[in-house]
Amino acid sequence: MIREEAIVILLPVSRIGEKVYFQKSLPGDTRRIIGLEYGVTAVSGDAIALPVVTPSPFQVIADKIIGRLTLQIPGREGIFFRGDLMEERNFHVNDGLTDITWTAQVWSHGGNKEEIELSVDSNTDFIEGFFSDSYGKDEFESLTYQLHLYLWIEKCIT
Amino acid sequence: MLKRRQRRVLDIAVTTAGAVHSKSVELDKTVAKILGYNFTSDKLDLLYNRGTQRLEINREEIYADNYETKHLISLATVAPNLRYFRIKGGLEPGNHIVKVEYKDNEHSQYPFIPYRVTLNLDLEINENI
Numbered sequence: 001m002i003r004e005e006a007i008v009i010l011l012p013v014s015r016i017g018e019k020v021y022f023q024k025s026l027p028g029d030t031r032r033i034i035g036l037e038y039g040v041t042a043v044s045g046d047a048i049a050l051p052v053v054t055p056s057p058f059q060v061i062a063d064k065i066i067g068r069l070t071l072q073i074p075g076r077e078g079i080f081f082r083g084d085l086m087e088e089r090n091f092h093v094n095d096g097l098t099d100i101t102w103t104a105q106v107w108s109h110g111g112n113k114e115e116i117e118l119s120v121d122s123n124t125d126f127i128e129g130f131f132s133d134s135y136g137k138d139e140f141e142s143l144t145y146q147l148h149l150y151l152w153i154e155k156c157i158t
Numbered sequence: 001m002l003k004r005r006q007r008r009v010l011d012i013a014v015t016t017a018g019a020v021h022s023k024s025v026e027l028d029k030t031v032a033k034i035l036g037y038n039f040t041s042d043k044l045d046l047l048y049n050r051g052t053q054r055l056e057i058n059r060e061e062i063y064a065d066n067y068e069t070k071h072l073i074s075l076a077t078v079a080p081n082l083r084y085f086r087i088k089g090g091l092e093p094g095n096h097i098v099k100v101e102y103k104d105n106e107h108s109q110y111p112f113i114p115y116r117v118t119l120n121l122d123l124e125i126n127e128n129i
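Those protein sequences? They're chains A and B, same order as listed.
Every letter in the first sequence is one number past the one before it in the numbering used here, and letter 106, counting from 1, is 106.
Every letter in the second sequence is one number past the one before it in the numbering used here, and letter 51, counting from 1, is 51.
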């Protein structure tokens, strides 16, 4: 029987531009790696004073790049994921529900959270990864946060 | 055998800031499969920004500690029939026990007040057991 499960990887980031190398062991019955999700918590720092922009249903702003992530299985050829982790900032655009008395919030209008689909055989004990931060760039003097990576795996249950 | 769908809720009262609140429920023996789940709350901004959880079904860990609850919320911009997180092929309930360990995490912009977290389960029921 096949089961799906999420493995959590926590990466504390304490400096803007920090680069983090990490390893994570996989359960022994892992058959495949099938997806990746991510999120950010415990954000704290000194923000640079920027002009306040009131979200409008017609105004598109740039999404923020949290950082660049690379994942690979040690000893195997090639990497299986490389990409920018993004923070969505246009959840308010064209939502069709916002009015004067109710402003769109990320927790009410954030898009459906879907994992990045991967398909990687995993006859191995662990994966390794490299994260390069850019979350606080141009917006913070100093910033600390915790990056959560969720690796979805497929397990073979006997 | 006749099958029908049923929704079941599990409420967790979050009364202490920064603490883990555990709750488990034993499903009826007529439950054949768990098809999906999602989370809601009476203070969605707190659930979104402060919540992480561990979810266990039949003593099997589906989500490990520190999985952010915000990934399991679907709200106004998602069609009602798409709001549940689907388990591919459904999950047999085994010992029929579902356990949630919800953790409230400090967040400077969203100060704590007591709130409620609800786990919604989408179940398939065997009618004539």
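The hints are simulated quantities; they were obtained by calculation from the structure and are not laboratory data.
Bear in mind that the values here come from a model prediction, so they are computed numbers and not experimental data.
By construction, the Cβ of each residue, glycine as well, lies at the ideal position given by its N, Cα and C atoms.
Take the hints with a grain of salt, since some may be wrong.
Said to hold, decoys possible - To spell it out: a stretch of chain B is covered by chain A in this simulated footprint if at least three of its residues, at any positions, have a beta carbon under 8 Å from a beta carbon of chain A; those stretches are:
| id | segment |
| --- | --- |
| 1 | 6-18 |
| 2 | 56-63 |
| 3 | 70-79 |
Claimed, not checked - Listed below are the simulated DSS-like cross-link pairs for lysine-lysine, each with C-alpha atoms no more than 25 Å apart in a straight line:
| id | chain 1 | residue 1 | chain 2 | residue 2 |
| --- | --- | --- | --- | --- |
| 4 | B | LYS23 | B | LYS70 |
| 5 | B | LYS29 | A | LYS64 |
| 6 | B | LYS43 | B | LYS88 |
| 7 | B | LYS103 | B | LYS29 |
| 8 | B | LYS99 | B | LYS29 |
| 9 | A | LYS64 | A | LYS137 |
| 10 | B | LYS33 | A | LYS155 |
| 11 | B | LYS43 | A | LYS155 |
| 12 | B | LYS103 | B | LYS3 |
| 13 | B | LYS3 | B | LYS88 |
| 14 | B | LYS23 | B | LYS99 |
| 15 | A | LYS155 | B | LYS88 |
| 16 | B | LYS70 | B | LYS29 |
| 17 | A | LYS24 | B | LYS33 |
| 18 | B | LYS3 | B | LYS43 |
| 19 | A | LYS19 | A | LYS137 |
| 20 | B | LYS43 | B | LYS29 |
| 21 | A | LYS24 | B | LYS103 |
Against the structure, the hints:
| no. | hint | in the structure |
| --- | --- | --- |
| 1 | 6-18 | violated (count 0) |
| 2 | 56-63 | holds (count 4) |
| 3 | 70-79 | holds (count 9) |
| 4 | B/LYS23 with B/LYS70 | 19 Å, holds |
| 5 | B/LYS29 with A/LYS64 | 48 Å, violated |
| 6 | B/LYS43 with B/LYS88 | 30 Å, violated |
| 7 | B/LYS103 with B/LYS29 | 29 Å, violated |
| 8 | B/LYS99 with B/LYS29 | 16 Å, holds |
| 9 | A/LYS64 with A/LYS137 | 10 Å, holds |
| 10 | B/LYS33 with A/LYS155 | 19 Å, holds |
| 11 | B/LYS43 with A/LYS155 | 35 Å, violated |
| 12 | B/LYS103 with B/LYS3 | 35 Å, violated |
| 13 | B/LYS3 with B/LYS88 | 18 Å, holds |
| 14 | B/LYS23 with B/LYS99 | 6 Å, holds |
| 15 | A/LYS155 with B/LYS88 | 13 Å, holds |
| 16 | B/LYS70 with B/LYS29 | 30 Å, violated |
| 17 | A/LYS24 with B/LYS33 | 32 Å, violated |
| 18 | B/LYS3 with B/LYS43 | 35 Å, violated |
| 19 | A/LYS19 with A/LYS137 | 14 Å, holds |
| 20 | B/LYS43 with B/LYS29 | 33 Å, violated |
| 21 | A/LYS24 with B/LYS103 | 23 Å, holds |
Of the numbered hints stated above, those contradicted by the structure are hints 1, 5, 6, 7, 11, 12, 16, 17, 18, 20, listed in ascending order.
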